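Peer 1: With the hints as extra help, turn the sequences into a complete structure.
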Amino acid sequence: MRPQPIKPQPDQESVWDYPRPPRLERSQKQVKIIFNGVTLADTNRAYRVLETSHPPVYYLPPEDIQMQYLQATISGRSFCEWKGVASYYSVIVGDKQANNAGWFYSNPTPDFADIKDYVAFYPAMMDACYVDDELVQPQPGEFYGGWVTSDIVGPFKGEAGSWGW
Numbered sequence: 001m002r003p004q005p006i007k008p009q010p011d012q013e014s015v016w017d018y019p020r021p022p023r024l025e026r027s028q029k030q031v032k033i034i035f036n037g038v039t040l041a042d043t044n045r046a047y048r049v050l051e052t053s054h055p056p057v058y059y060l061p062p063e064d065i066q067m068q069y070l071q072a073t074i075s076g077r078s079f080c081e082w083k084g085v086a087s088y089y090s091v092i093v094g095d096k097q098a099n100n101a102g103w104f105y106s107n108p109t110p111d112f113a114d115i116k117d118y119v120a121f122y123p124a125m126m127d128a129c130y131v132d133d134e135l136v137q138p139q140p141g142e143f144y145g146g147w148v149t150s151d152i153v154g155p156f157k158g159e160a161g162s163w164g165w
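Residue numbers (the UniProt record's numbering): 1 to 165.
Misleading hints may appear alongside valid ones.
[Said to hold, decoys possible] Here are the simulated DSSO-like pairs of lysine-lysine, each with C-alpha atoms no more than 30 Å apart in a straight line:
hint, residue 1, residue 2
1, K96, K116
2, K32, K116
3, K7, K29
4, K7, K32
5, K29, K96
6, K7, K96
7, K29, K116
[Claimed, not checked] Per label pair, the in silico range of CB-to-CB distance:
hint, residue 1, residue 2, range
8, R2, F143, 16 to 22 Å
9, N107, F143, 21 to 27 Å
10, E142, D95, 37 to 43 Å
Worth flagging that the hints you see were computed from the coordinates, not collected in a lab. It should be emphasised that the depicted structure is a prediction, and the values quoted were computed from it without experimental measurement. From the three backbone atoms N, C-alpha and C, an ideal C-beta is built for every residue, glycine too.
Peer 2: See the structure below:
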């Protein structure tokens with residue numbers, strides 16, 4: 001059963017207005033990620049993927065990420081019908097590690113070629129993620145990597161009872 005979308009207020013977006021298949025769009029918002037006291041990433045050159053019922057996922061250019069803290073994982077792979085095969089990074093800063101906390105597409109489908117090698121991070125696995133200085137809330141559920149901010153309304157895929165959406 002499809003949920004009842006929340007009506008967006010001015011300056012808000014409803015995830016129920018996002019398309020399926022998803023759309024890739026450039027974002028000029030400032031995106032920052034903190035892990036174990038280190039600014040892991042800071043950019044205003046991210047892309048975001050918008051998909052029905054999902055908060056945006058931000059993909060950051062490797063040039064704006066402290067890549068020395070990322071370690072490619074051998075076991076991490078997944079498949080997205082829209083973007084292709086994803087590979088994963090673990091994040092290691094000092095004595096703290098987050099396994100398979102970021103993912104990227106080394107050979108994305110043509111519609112997502114702009115995010116080749118860009119990295120997305122699960123906000124729940126980082127100490128803090130920000131979009132224009134607003135602290136991000138992670139998308140509900142452990143499977144998804146969406147970034148919830150005050151300008152996005154749901155309900156969101158990943159909430160209890162949403163598996164069949």
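Peer 1: Hint by hint, note whether the structure agrees.
Peer 2: We went through each hint and held it up to the structure:
A distance of roughly 27 Å separates the Cα atoms of K96 and K116; the hinted pair therefore holds under the 30 Å criterion. Distance hint between K32 and K116 is fulfilled; the C-alpha atoms sit about 20 Å from each other, no more than 30 Å. Distance restraint check for K7 and K29: the Cα-Cα separation of roughly 23 Å lies within the 30 Å cut-off, and the hinted pair is therefore satisfied. Restraint check for K7 and K32: the C-alpha separation of about 28 Å stays at or below 30 Å, so the hint holds.
Between the alpha carbons of K29 and K96 the distance comes to roughly 28 Å, so the proposed pair stays at or under 30 Å and holds. With a C-alpha separation of about 40 Å, the suggested pair K7 and K96 falls outside the 30 Å cut-off, and the hint is violated. Distance check on the hinted pair: K29 and K116 sit about 20 Å apart at the alpha-carbon level, within 30 Å; holds. For the pair R2 and F143, the beta carbons lie near 19 Å from each other, so the given range of 16 to 22 Å is met.
Between N107 and F143, the C-beta spacing of about 23 Å keeps the proposed range 21 to 27 Å intact. For the hinted restraint 37 to 43 Å between E142 and D95, the CB-CB distance of approximately 24 Å leaves it violated.
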